[in-house]
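Chemist: Okay, here's what each chain looks like letter by letter:
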Amino acid sequence: MKISFTINGKTQTVEADENTPLLWVIRDGLGLKGTKFGCGKAACGACTVQVDGGAVRSCSYAVKFAQGKSITTIEGLSQGKELHPVQQAWVEEIVPQCGYCQPGFMMATAALLDKIPQPSDDDIDENIVNVCRCGTYYRMRKAIHRAAKIKQS
Amino acid sequence: MHRHLRTCGLSLKACLYQSYYKNYPLTRKYDYMKDNNSVNIKSKPRRRFLIKASIGTAVILGAWAGIAPMRRIVAKKINEIDLEYENSYKPITWFEVKADNTIVLHSPKVEMGQGVFTGMAQIAAEELEVSIAQVQVVNAVSLDRPVDKFATGGSTSIAGLWDVLRELAAQMREMLRNSAANIWNVPAESLTIKNGVVTGKGQQLTYGQIVQKTTEWEVPKEVKLKDKKEYKVIGKAIPRIDLKPKVMGEPIFGLDVSMPGMLYGAVVRPDKIDATFKSADTSQAEKMPGVVKVVLEKDFVGVVAKTYVQAHNAKKAIKVQWKVNRVWQQKDIEDMLKVGEGTDFVIQKKGSAKRALREDGVIEASFSTPIGAHAHLEPNGAVALVEKNKATIKISTQVVNMTREEVAKRLELNTNQVEVQATFLGGGFGRRLHTPNAVQAAVLSKAVGKPVHVFFDRQEEFQNDTFRPPTHHVLRATLNKKGLIHAIEHNVSSGDVAFGSPLTPGYAEILAGADFGAWRGGMIQYEAIPNFRAVSWRVKLPFATSWWRSLGLLANTFAIESFIDELALKAGKDPVQFRLAQIQNDERGQRLKGVIEAAAKKANWGKPVPKGRALGFAASTDANTPVAQVAEVSIDNGRIKVHKVTCAIDPGIVVNPDGVRAQCEGAIIMGISASMFEKMEIKDGAVGPTIYGAYEMALMRDAPKEIDVVLLEGSSKPSGVGEPPLGPIGAAIANAVYQLTNQRLRSLPLTLA
Amino acid sequence: MKINLTHTVWLSLIVLIMSAAVPIIQPSEHLPRLATPHQAFDKMMSVLMHKRCMNCHPSDDRPRQGEDSHVHNFGVQRGKDNHGTLSLRCQTCHQSENNPYSGVPGAPHWGLAPKSMGWQGLSRVAIAKALLDPAKNGDRSLKDIVKHLTEDKLVAWAWNPGVDASGKARETPPVSRQAFIKAVKQWAEAGANIPEK
Chain A
71 MKISFTINGK
81 TQTVEADENT
91 PLLWVIRDGL
101 GLKGTKFGCG
111 KAACGACTVQ
121 VDGGAVRSCS
131 YAVKFAQGKS
141 ITTIEGLSQG
151 KELHPVQQAW
161 VEEIVPQCGY
171 CQPGFMMATA
181 ALLDKIPQPS
191 DDDIDENIVN
201 VCRCGTYYRM
211 RKAIHRAAKI
221 KQS
Chain B
6 MHRHLRTCGL
16 SLKACLYQSY
26 YKNYPLTRKY
36 DYMKDNNSVN
46 IKSKPRRRFL
56 IKASIGTAVI
66 LGAWAGIAPM
76 RRIVAKKINE
86 IDLEYENSYK
96 PITWFEVKAD
106 NTIVLHSPKV
116 EMGQGVFTGM
126 AQIAAEELEV
136 SIAQVQVVNA
146 VSLDRPVDKF
156 ATGGSTSIAG
166 LWDVLRELAA
176 QMREMLRNSA
186 ANIWNVPAES
196 LTIKNGVVTG
206 KGQQLTYGQI
216 VQKTTEWEVP
226 KEVKLKDKKE
236 YKVIGKAIPR
246 IDLKPKVMGE
256 PIFGLDVSMP
266 GMLYGAVVRP
276 DKIDATFKSA
286 DTSQAEKMPG
296 VVKVVLEKDF
306 VGVVAKTYVQ
316 AHNAKKAIKV
326 QWKVNRVWQQ
336 KDIEDMLKVG
346 EGTDFVIQKK
356 GSAKRALRED
366 GVIEASFSTP
376 IGAHAHLEPN
386 GAVALVEKNK
396 ATIKISTQVV
406 NMTREEVAKR
416 LELNTNQVEV
426 QATFLGGGFG
436 RRLHTPNAVQ
446 AAVLSKAVGK
456 PVHVFFDRQE
466 EFQNDTFRPP
476 THHVLRATLN
486 KKGLIHAIEH
496 NVSSGDVAFG
506 SPLTPGYAEI
516 LAGADFGAWR
526 GGMIQYEAIP
536 NFRAVSWRVK
546 LPFATSWWRS
556 LGLLANTFAI
566 ESFIDELALK
576 AGKDPVQFRL
586 AQIQNDERGQ
596 RLKGVIEAAA
606 KKANWGKPVP
616 KGRALGFAAS
626 TDANTPVAQV
636 AEVSIDNGRI
646 KVHKVTCAID
656 PGIVVNPDGV
666 RAQCEGAIIM
676 GISASMFEKM
686 EIKDGAVGPT
696 IYGAYEMALM
706 RDAPKEIDVV
716 LLEGSSKPSG
726 VGEPPLGPIG
736 AAIANAVYQL
746 TNQRLRSLPL
756 TLA
Chain C
2 MKINLTHTVW
12 LSLIVLIMSA
22 AVPIIQPSEH
32 LPRLATPHQA
42 FDKMMSVLMH
52 KRCMNCHPSD
62 DRPRQGEDSH
72 VHNFGVQRGK
82 DNHGTLSLRC
92 QTCHQSENNP
102 YSGVPGAPHW
112 GLAPKSMGWQ
122 GLSRVAIAKA
132 LLDPAKNGDR
142 SLKDIVKHLT
152 EDKLVAWAWN
162 PGVDASGKAR
172 ETPPVSRQAF
182 IKAVKQWAEA
192 GANIPEK
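Protein chains in written order, with my numbering: chain A, 71 to 223; chain B, 6 to 758; chain C, 2 to 198.
By construction, these hints were calculated from the structure, which means they are not laboratory data.
There may be inaccurate statements among the hints.
[To be verified] Think about it this way: if two alpha-carbon atoms lie no more than 25 Å apart in a straight line, the pair counts; the simulated BS3-like pairs of lysine-lysine are:
no.	chain 1	residue 1	chain 2	residue 2
1	A	Lys212	B	Lys249
2	B	Lys354	B	Lys283
3	A	Lys219	B	Lys710
4	A	Lys134	B	Lys324
5	C	Lys169	B	Lys324
6	A	Lys72	A	Lys151
7	B	Lys277	C	Lys169
8	A	Lys212	B	Lys283
9	C	Lys81	B	Lys688
10	B	Lys354	A	Lys212
11	A	Lys134	C	Lys154
12	C	Lys81	A	Lys185
13	A	Lys139	C	Lys154
14	B	Lys710	A	Lys212
15	C	Lys116	A	Lys185
16	A	Lys212	B	Lys277
17	A	Lys221	B	Lys545
18	B	Lys283	A	Lys134
[Unchecked claim] If you want the ones that stay clear, here's a sample from chain A, every Cβ over 10 Å from chain B, calculated:
no.	residue
19	Gln82
20	Lys106
21	Phe107
22	Thr143
23	Ile186
24	Ile220
25	Ser223
Idealized CB from N, CA, C, for every residue including glycine.
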């Protein structure tokens, strides 16, 4: 079926089986490879995007649900060359190691800061439950606090 | 001129290259260089053998030393070797100077998060006299560039490339300086270099310009390497050079590779262990939407479809007959895996521990660790394009060369007809030290004549992992009248790590006697103890076990350092002082002492801690890098909580302090994950769990809020960093838990009674 | 009385015929010929106390999951509105229908029952009492409760729970949805009496 939505500010119409996970439409249909496949079971969070501002794990989201919605992926987080506060903080804290899980974490963090502009450590623990194997959580926590500051200023 | 060069594309780049690999003498011209402004080099540079100790050299020893002691010598050498994974292979690398005065470093090592690209760029920039911004690091491509003949792993990259890279860079710098001197007809000594610009007598040339003006190069016989005091780039906490693509979500990983006309493949993998492929009924799958071809081989069956989802759905419709040799249960494995079962080998021996431990008063304890999964986030996968007499593979792999050889063998091509392009890796951790999935991708591509992308789903990753083997340890010791260790023995029983791996040649198994991956970290490091002994027991398990970041170090250190803590408390001694009192007085000992003292001091060891918390201490030496850690722990609702970890590490010269810190932080968190949560088990012939969450791992909430890393530089050369800090953490936590609860936790994952 | 009894017998017969004709979900189930309100209660509670219901009626702030009702992985929490924390919503992963690719279950308004309706650790009598207690059940009348139990799509999901992450079908409650609906109505019509045990 045909499904239309906005992705990173652009309107798109895609032709796909309605139950195709949004992840594959984004990655293979639209060629936006920043959203990652980690588990396909909504367990790791590497595929996190925003749908109407909320964090959604796109591997477990049938594309039909995206009809008429607004999607943001890591490619749409920055405004042109200007980094999003979350990306800026990620750079300043030198967070990534292998980097594979990072887009999912950054998308989840961006959604968190929209809901909770000054998250406490507990807020972070409760809302950011993606999986990172390199163990960058320690720096991510610092980067999340830093992003909150950058966003406020 | 400039424009002309630019339009010529490749031919513009005059390449300077050098090789330490004996098959690639510098005077030899490669075909691929013919189109370029190839350089003619007058003299061969000296070639240096970097291997100071290796399995190879020990063979000669063996001729007169007798097999058992010789093997112990080998074991000792393996334990202390600088370049553990180097045999007769040498690291090789080359640079390219571009017209715009940037340097492209074609890396023989892959970047999997460990920061090796950044470290290499710093080392090169230092001796090349260019700024870090001028250096670009890319993966060497196997077809026309020399790639590492072995692997990226074992915490050996920076340590192994340290001399090579500096000498190469320094030689190139001098070649460029000499050339500028020739162009200007002035003495080379009169020229100064900064940021890749040579200055002399009021005139300047960039490296890029010099390259364009030079047809004949003079290679200096000797170059003087900089002294540590002169370093401007090495030792600086430069942000890793791959930050930008990683925060922008650029398509840099194997899974992101796309080729025109690319199709998607899926391969059916067994969901039981000890299962081999028998036959398959593909009739249903062939009718599935989007299916291009179902490919039935003698050893596997796969399907190619237009989209990933279609391939995935069709795969589910293939009915495979597996030959399951036996339906295994967890208990079967536990029964096999006991010290005393399988074959044993003494890897370390001093004094007469065996005799001493026959006397009264022996303290004994046993420990165990479970099967561990790699759980790297980017699934294994490969894109293959097989054409007539040519195959191209793009893949996340730690073994470019091995992959190339395996693909060539299966397709019956020459290795030089197979090009393997490594991408950035979404985690390695040893899982990608064998990537035969490239072969399957190539077979599928050949069957359809188009590029095919094949990757594992997550369930397959967990079911078909090459696991960290489970272990069982028995430790025995006696104390002397002074309350120090009189004799100690460590027995470790483990599944294979290095043995059975395609990376380990058969002769190395015979020579080494025991699996040096399994016993890594299993030696007694307190060598002032008069009598000690370490024994490695090998058990063949019915599923694949192999390299997992730090190999045996995690399990062995957990067992030994928990036991040392126990002995210290039995002797009524402070665990830190107890350790310090039994360290030998050589360089290794001094460095170990150094980290133990530094960690204890930084963590305020012996001083009061917040109420409800306790400190635990542990130390290890791995890849010539000693590490000591102090864990500050509490029990919160029956759950162990790690608040803070202090880590002192001595990796010798630190190329990038921030990179070393990042590796320590990551290793500590991965170690917490493995020590406190992770466990694979076998039920009815299948390993599980097969999904994150059910396979419990550390999350944000489990990471310590404070990680304090102290860097010591007790050696004039760098040693390994990626794995050593995984050693102490499990025991450090367990030792703190003992302080809090009087419970001695003897198995991983740590679980309170 | 006589009419009522005849009515019951006929209805039971119809249900019996229907369930025989359409062997839905639970083939092993056999309906009693004569269901008393007490038996109807038994049947209703066997569903309510099944993990498909209980997993989302925790007495604490942690959803449960799986056939073993383990605490939901990743430390997922109830949140203020029973639909997750502010940024980790249930809908981050759970959509309005089951996802056959991921095995993530879904139904409209996926979320936890309010804490006042936490049933874990309670006896079936206590659960039934909570069900009828307006102070706990969100000020619902018996009619509302019957409607919730018999018509709500999230409740109905229990009989269409999809597959788990490994593709294995989730267990359904011990009686069919039709039988459950019937039992709920019968129990309610008979005065919604709660037995002592």
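Chemist: With reference to the structure, classify each hint as holding or not holding.
Modeler: Hints, verified against the model:
1. Proximity of A:Lys212 to B:Lys249 is assessed by CA-CA distance (about 18 Å); at most 25 Å being required, the pair is judged to hold.
2. At roughly 47 Å between alpha-carbon atoms, B:Lys354 and B:Lys283 are farther apart than 25 Å, so this suggested pair is violated.
3. Annotation: proposed proximity of A:Lys219 to B:Lys710 holds, straight-line Cα distance about 19 Å (limit 25 Å).
4. Straight-line distance between C-alpha atoms of A:Lys134 and B:Lys324 comes to about 30 Å, which puts the hinted pair past the 25 Å bound.
5. Using a Cα cut-off of 25 Å, the hinted pair C:Lys169 and B:Lys324 holds, with the two alpha carbons roughly 17 Å apart.
6. Distance restraint check for A:Lys72 and A:Lys151: the Cα-Cα separation of roughly 32 Å exceeds the 25 Å cut-off, and the hinted pair is therefore not satisfied.
7. Between the alpha carbons of B:Lys277 and C:Lys169 the distance comes to roughly 16 Å, so the proposed pair stays at or under 25 Å and holds.
8. Simply put, A:Lys212 and B:Lys283 have alpha-carbon atoms about 52 Å apart, too far for the 25 Å limit, and the pair is violated.
9. About 39 Å separates the Cα atoms of C:Lys81 and B:Lys688, which puts this hinted pair outside 25 Å; it is violated.
10. For the hint linking B:Lys354 to A:Lys212, the alpha-carbon distance of about 47 Å lies beyond 25 Å, and the restraint is violated.
11. The straight-line distance between the Cα atoms of A:Lys134 and C:Lys154 is roughly 19 Å, inside the 25 Å bound, and the hint therefore holds.
12. For a cut-off of 25 Å, the pair hint linking C:Lys81 to A:Lys185 stands: about 13 Å separates their Cα positions.
13. Among the hinted pairs, A:Lys139 with C:Lys154 is consistent with the structure: their alpha-carbon atoms are about 24 Å apart, no more than 25 Å.
14. Between B:Lys710 and A:Lys212, the direct Cα distance comes to roughly 9 Å. Compliance with the 25 Å bound is thereby established for this hinted pair.
15. With a CA separation close to 23 Å, the supplied pair C:Lys116 and A:Lys185 stays within the 25 Å bound.
16. For a cut-off of 25 Å, the pair hint linking A:Lys212 to B:Lys277 is broken: about 42 Å separates their Cα positions.
17. Using a Cα cut-off of 25 Å, the hinted pair A:Lys221 and B:Lys545 is violated, with the two alpha carbons roughly 56 Å apart.
18. Between B:Lys283 and A:Lys134 the alpha-carbon distance is near 40 Å, which puts this suggested pair outside the 25 Å criterion.
19. With a least beta-carbon separation of about 17 Å from chain B, A:Gln82 lies farther than 10 Å from that chain, consistent with its non-interface assignment.
20. Not every CB of chain B lies more than 10 Å from the CB of A:Lys106, the least distance being 7 Å, so the non-interface label is violated.
21. Not every Cβ of chain B is farther than 10 Å from the Cβ of A:Phe107; the closest lies at roughly 6 Å, contradicting the non-interface assignment.
22. Distance check on A:Thr143: its Cβ comes as close as 7 Å (rounded) to a Cβ of chain B, failing to clear the 10 Å threshold; non-interface status is violated.
23. The Cβ of A:Ile186 sits about 14 Å from the closest Cβ of chain B, beyond the 10 Å cut-off, so the non-interface label holds.
24. Non-interface call for A:Ile220 relative to chain B: holds, since the shortest CB-CB distance, roughly 13 Å, exceeds 10 Å.
25. Even its closest Cβ contact with chain B, about 19 Å, leaves A:Ser223 beyond 10 Å, as expected for a residue assigned away from the interface.
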